[in-house]
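Student: Line by line, the protein sequences give chains A and B.
Mapping of the first sequence onto the working numbering: residues 1 to 538, in sequence order.
Mapping of the second sequence onto the working numbering: residues 1 to 538, in sequence order.
Bear in mind the hints are in silico, worked out from the structure with no lab data behind them.
Please note that the accuracy of each hint is not assured.
For chains that are exact copies, the list does not tell them apart, and a pair is met inside one copy or across any two.
Computed cross-link-like contacts, SDA-like style, restricted to lysine to any residue with a CA-CA straight-line distance of at most 20 Å [claimed, not checked]:
#1 Lys71 / Arg501
#2 Lys58 / Gly223
#3 Lys385 / Val350
#4 Lys88 / Arg188
#5 Lys58 / Arg102
#6 Lys67 / Asp99
#7 Lys67 / Pro493
#8 Lys124 / Glu438
#9 Lys522 / Gly358
#10 Lys458 / Trp133
#11 Lys124 / Trp425
#12 Lys67 / Val350
#13 Lys385 / Ala488
#14 Lys101 / Met252
#15 Lys101 / Val3
#16 Lys458 / Pro59
#17 Lys88 / Ala177
#18 Lys509 / Ala63
#19 Lys88 / Gly195
#20 Lys385 / Arg323
#21 Lys447 / Ser78
#22 Lys509 / Asn70
#23 Lys385 / Glu351
Keep in mind the model is a prediction, meaning the values are calculated, not measured.
2 protein chains.
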Amino acid sequence: MPVIRVGLAQLNMTVGDIDGNVARMLEALDEAEAAGADVILFPELSVTGYPPEDLLLKPGFVADNIKALNKVVRRTRSCTAIIGFAEKGLYNSACIARDGKRIGVYRKRHLPNTAVFDEQRYFKAGRGGHRLWDIAGLQCGVSVCEDAWFPEDGPIARQGALGAELILNINASPFYAGRWREREAVVRARALEAGAPVVYVNQVGGQDELVFEGGSMVMSATGELLARLPQFTEELVFVDLDVAGSVTPPTMAPVPDLDDEVYTALVTGVRDYVRKNGFSDVVVALSGGIDSSIVACIAVDALGPEHVHGISMPSRYSSDGSRDDARALAERLGIDFRTIAIEPAHAAFVEMLAPSFGERPPNVTDENLQSRIRGMVNMAFTNEKGWLTLTTGNKSEMAVGYFTLYGDSAGAYGVIKDVFKTEVWRLSRYVNARAGREIIPEDVITKPPSAELRPDQKDEDSLPPYEILDPILEAYVERDQTRDEVVAAGHDPAIVDRIVRLVDLAEHKRRQSPPGTRVSPKAFGKDRRMPITNGYRV
Amino acid sequence: MPVIRVGLAQLNMTVGDIDGNVARMLEALDEAEAAGADVILFPELSVTGYPPEDLLLKPGFVADNIKALNKVVRRTRSCTAIIGFAEKGLYNSACIARDGKRIGVYRKRHLPNTAVFDEQRYFKAGRGGHRLWDIAGLQCGVSVCEDAWFPEDGPIARQGALGAELILNINASPFYAGRWREREAVVRARALEAGAPVVYVNQVGGQDELVFEGGSMVMSATGELLARLPQFTEELVFVDLDVAGSVTPPTMAPVPDLDDEVYTALVTGVRDYVRKNGFSDVVVALSGGIDSSIVACIAVDALGPEHVHGISMPSRYSSDGSRDDARALAERLGIDFRTIAIEPAHAAFVEMLAPSFGERPPNVTDENLQSRIRGMVNMAFTNEKGWLTLTTGNKSEMAVGYFTLYGDSAGAYGVIKDVFKTEVWRLSRYVNARAGREIIPEDVITKPPSAELRPDQKDEDSLPPYEILDPILEAYVERDQTRDEVVAAGHDPAIVDRIVRLVDLAEHKRRQSPPGTRVSPKAFGKDRRMPITNGYRV
């Protein structure tokens, strides 16, 4: 049976950095030639990075991307390259190039326009009949990402009906937890429909709120997974694919583990946001709580301990335990650590506002003052030292608005904004288990959560326990269930009513929060475009 | 010739407030019956308000909107009602109802998915042949908004070809300056193509960053404008339309004036954002500069002077002139006014940060501290009193990042964020001219702009003069011109390079800024979806 040497270029592109992306592709082309590869697949829109968003509306950007594509095309030799680019018109296309020439262009047919995607904002859909390309004697069908998600009469099945012997599918398909299973099932279904093996190449890396996990694969015509690349690492792998159903050398990354893939996604999100934006260091306010603890761990794994700076900012209400926990964590992580008590600024604001607010006991205004003073200190370090501020709010808090706008939400990147509190606990145990020692102090994991903005404050004074809250939020936010459906699932109606109202009322706060890594099927961000002004009461 | 009595319901709906919207429609139906109207047109998606955004992804919301539609349908009597609703499936539809029953549904065919629009995210396009409905003996074609923007073989021309004697087009078409001319030209073209008069009804009011100006109209079959409703006011008008080309009684609002329509749009944006979100009062930091001055004027016109609160927050660098100008403006507007010196907090932060930052002259960190202290004071009033903070940054500043994140950009609504500085000057003169007296002190209009965050600071120390800056921004931001195109138009290459770079680098700051009224064809907001992480260098 025919054997083809295939290069899977699971690369980390940068949106807009056309020159950098092209340089990376030219290197890979050289390696492909040296390896004697027959074909190499780059990710979807590899020239521009994905998603380029409104850069595509700049005619100059599209022209530059075409020039860059032509440069890559001219450098091809005997190895056929499948290159993602924005074709004038505008199409999301794959260029098939060999011997310095374009030998064809495939235009993406199915343009996702839901969830985080806006492709119909930019692109027209490819139409008309399908065709195949001869690569190393095999009749090959080419398609782009979403095209693989349409069954039966979709592009891949049609290419199969034309007699395709091999299916090449290039992707920029974002991560969420457990998504790899669905991805693998879809590729398997397409291979079976087409009656041909499928080579699936996905990009890797972070882009604003999205991360891409790679997880490129080869599936046999009979639906057997022949190769799987690792998640979250750049890979340039060459394999010999026997279309009868084998891959040499063996290339099978382990099955992803849930905690591991989520944690690594978060690390990737921070690393690429910081580095691709030209920064090296970050600052994290360490409260001694679990959220800031896990954020510090993620930052250290992303950037190295020498690039992470912790600040403890105790107020008149902070417990000694919290200060000790913050310091202990910093020591275990080996990061820069300092303490800046916020009392001088706190006292100054109270004094400045007293003539307007009069005599009254401390209230939510005062709580917000403390949080905002901390946000200001973080941002002063951003201004003075160029350390990006990482925010520490989790998805449960983002959902119900349990954070201070311009306070703890002030910063460049919301590391765990798509991670529910109950998942934060789980990831904390994962961090300690993986290290084989206590990185996050056990006390931090087990003590009752508190914002410590007033004496003896506990999260549970304001919110139901997170074990009750998180499933309600998951149903209402991620699955768009109605209030009645959530109640029917067994939740206390009074709690559901209160939570639903809190979620709806916090939209204006979320809108001004920083981006953060999406790890769920529906994150706060491009995924969920709710009006702020909203009279709907469920 | 046949005469039909037409009701134009140019109403101000609230997104999501299905009950409120329906109540308003039921009232209008009663008025229509009392007036003996044959047909009444409500705006596009009048049941849900426009744009409902991701509320449409909630199955419960769509079900509630259908129930509400049925309530309106059941209340119809002899007057035919054209009602915008979200049809299950999902379609952006117009229901044609009479005598308590649906007599038809028209599904919008052209779904805008560019600029601020995401309709392909939610809706499928209507397809198939067209039909007409008999209303008061006239064969009528019905269409929705964007359908009217497709010439020649578009929906309205096809309805004309079927013999339509009257075209009914319902809209939720957002404002930008001068848009009314284009709107009128489009309706004229459709009337001529169809050979039938067109009744065009548009909604009015503000929804987050969008405002809708109304400006509903009747166009004759020969392209003569027969009726024009005013901008920015709710109207329920009944006219007798003789399809031969006349409207009785005369209903011709004046041609919009540019400054007047922009100013009124800004007033509408603030008023509806504040009120539809359940608030009554606002607070504005009055620096004595022109931006905060015009924002205060707009707020007073939107909400009344008793609902506007000015705070002067002098620092060690504030001039006496600025404090006097702030006070003078507040007195002329008759608003609450107080002074809170920020020195105590400023000194406290400097002291808290000194151990980390060491001895050095004041720098941009200190400038941002001052701006953020002011933002914190505003927000303390929001927390304590429920006064929404209005921000005062203009489009020139938003574009180049000449503002402090969490400082002067902290607040609920960015009143003039889509107004270039040169337009702010023009609007200030308009305010004084309209009042027939000096509301904004002449000195405020003529003095050189300054942030007053360091001694003798002037905007022109950091930026080119606004007369040079604004045209560059208009070309680069609103028209997506390349750097080379902007230079070719006659601008200094060095200045263009610097400005383009500043615009690109400020994306992360804009992303966390509050929404504000769109008055241009491309505002910062849903209109311009740029990646933050962006390696593109033009």
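Student: Taking the hints in turn, state whether each one holds.
Tutor: Right, here's what the structure says about each hint:
no.	hint	result
1	Lys71 / Arg501	neither (55 Å within a copy, 26 Å between copies)
2	Lys58 / Gly223	neither (42 Å within a copy, 36 Å between copies)
3	Lys385 / Val350	between (29 Å within a copy, 15 Å between copies)
4	Lys88 / Arg188	neither (33 Å within a copy, 33 Å between copies)
5	Lys58 / Arg102	neither (24 Å within a copy, 46 Å between copies)
6	Lys67 / Asp99	within (17 Å within a copy, 63 Å between copies)
7	Lys67 / Pro493	neither (60 Å within a copy, 23 Å between copies)
8	Lys124 / Glu438	neither (53 Å within a copy, 54 Å between copies)
9	Lys522 / Gly358	neither (44 Å within a copy, 45 Å between copies)
10	Lys458 / Trp133	neither (64 Å within a copy, 63 Å between copies)
11	Lys124 / Trp425	neither (45 Å within a copy, 42 Å between copies)
12	Lys67 / Val350	neither (60 Å within a copy, 51 Å between copies)
13	Lys385 / Ala488	neither (52 Å within a copy, 38 Å between copies)
14	Lys101 / Met252	neither (34 Å within a copy, 63 Å between copies)
15	Lys101 / Val3	neither (24 Å within a copy, 67 Å between copies)
16	Lys458 / Pro59	neither (54 Å within a copy, 36 Å between copies)
17	Lys88 / Ala177	neither (35 Å within a copy, 31 Å between copies)
18	Lys509 / Ala63	neither (38 Å within a copy, 28 Å between copies)
19	Lys88 / Gly195	neither (33 Å within a copy, 37 Å between copies)
20	Lys385 / Arg323	neither (24 Å within a copy, 33 Å between copies)
21	Lys447 / Ser78	neither (63 Å within a copy, 68 Å between copies)
22	Lys509 / Asn70	neither (45 Å within a copy, 35 Å between copies)
23	Lys385 / Glu351	between (30 Å within a copy, 17 Å between copies)
Hint compliance for this structure: hints 1, 2, 4, 5, 7, 8, 9, 10, 11, 12, 13, 14, 15, 16, 17, 18, 19, 20, 21 and 22 are not met, and every other hint is.
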